[in-house]
Structures are given as C-alpha cells and as structure tokens.
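Each residue of the sequence shown is one higher than the one before, counting from 1 in full-length UniProt numbering.
Treat the hints with care, since some could be wrong.
Only pairs whose alpha carbons sit at most 25 Å apart, straight line, appear in this in silico DSS-like list of lysine-lysine [claimed, not checked]: (1) K87 with K65; (2) K118 with K98; (3) K117 with K95; (4) K122 with K62; (5) K122 with K95.
Ranges between beta-carbon positions, derived for each pair [claimed, not checked]: (6) K117 with C41: 20 to 28 Å; (7) S108 with D36: 17 to 25 Å; (8) E91 with F68: 41 to 49 Å.
Rather than coming from a laboratory, the hints here were simulated on the basis of the structure.
Cβ coordinates follow ideal geometry from the N, Cα and C atoms, glycine included.
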Amino acid sequence: MSPSTSTSPFCASEKSTYVLMNNDMWFSFLYNINCDEYDMCPLDVECNGAYGFSTKIELKCKSCKQIFNSVFSSPRDDNSKCFEVSKKLVEAFLKIGKGHAALELFSSAIGIHAMNKKTFSKC
C-alpha cells in the first residue's frame, strides 16, 4: 500500500476532521507532561463510556487521580442527540448499501465498541 499523496495538511482546520487513534498512543503523547501536584507522576488518558462512536476522554493524574480535563471525542449533532461521528458512520454505511450488522463487523475488526441497533436507527 502506498502512502497518501494528498496535498492537504494532516491537521487541517476543517470543521469536521477525524483521526483514528490507538488508545495506547496517548502514553507517548503525554510522556513528558506531569501532574502539578505530584511533579514526578505522569498524566494518563482514560476513555470512559461509549456513546455510539463517541467516547468521554479524561486527562488525569495516575497518582492523585485528579481530572484535569474531559471532553467527548466528537461533538453532538445540532439537530439530534446523536454524536456527529456516529451519524457520519451510519450515513457512510447506508450509502454503501450496508446496515448495522456491517457496522458491527467493522467495529469488531478495528477493536472499537459498536453502537447498538437502537442508536444506529436514531442516527
């Protein structure tokens, strides 16, 4: 497989840019960032709860467990309660003529939580 020849920058400032990322990569990303309270203790990222394909991400100290920040991995769609990433994935699978079962197989293949059928039908 050849690398992409796209001329667009990696982190373009477009409204809806997504990146698939392995959760283990957070350790490397935060390696030199330490807790203010425990200067030698590194920070960690915890992904808590799956809401369709959105996850609540928390930045916390490994020692004191203080949460420095939290955010969902996707914004909510303005017109519904669905997260934007879930809605976009449902739309993509429907456009290629596939449904919830195919989305479950896709999720399983890349090791992420699959949304349930009820959420799929709402998005």
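Quick rundown of the hints versus the structure:
In summary, the hint linking K87 to K65 is not supported, as the alpha carbons are separated by about 33 Å, beyond the 25 Å threshold. Pair hint K118 plus K98 holds up; C-alpha atoms about 16 Å apart against a cutoff of 25 Å. For the given pair, K117 sits about 17 Å from K95 by alpha-carbon distance, which is consistent with the 25 Å threshold. A hinted pair counts as satisfied when its Cα atoms are at most 25 Å apart, and K122 with K62 does not qualify at roughly 37 Å.
A threshold of 25 Å between alpha carbons decides the hint, and for K122 with K95 the separation of about 16 Å falls inside it, so the pair holds. The hinted range of 20 to 28 Å is not satisfied by K117 and C41, whose Cβ atoms lie roughly 42 Å apart. A beta carbon spacing of about 40 Å between S108 and D36 contradicts the range 17 to 25 Å that was offered as a hint. Taking 41 to 49 Å as the suggested C-beta distance range, the pair E91 and F68 does not conform, at roughly 34 Å.
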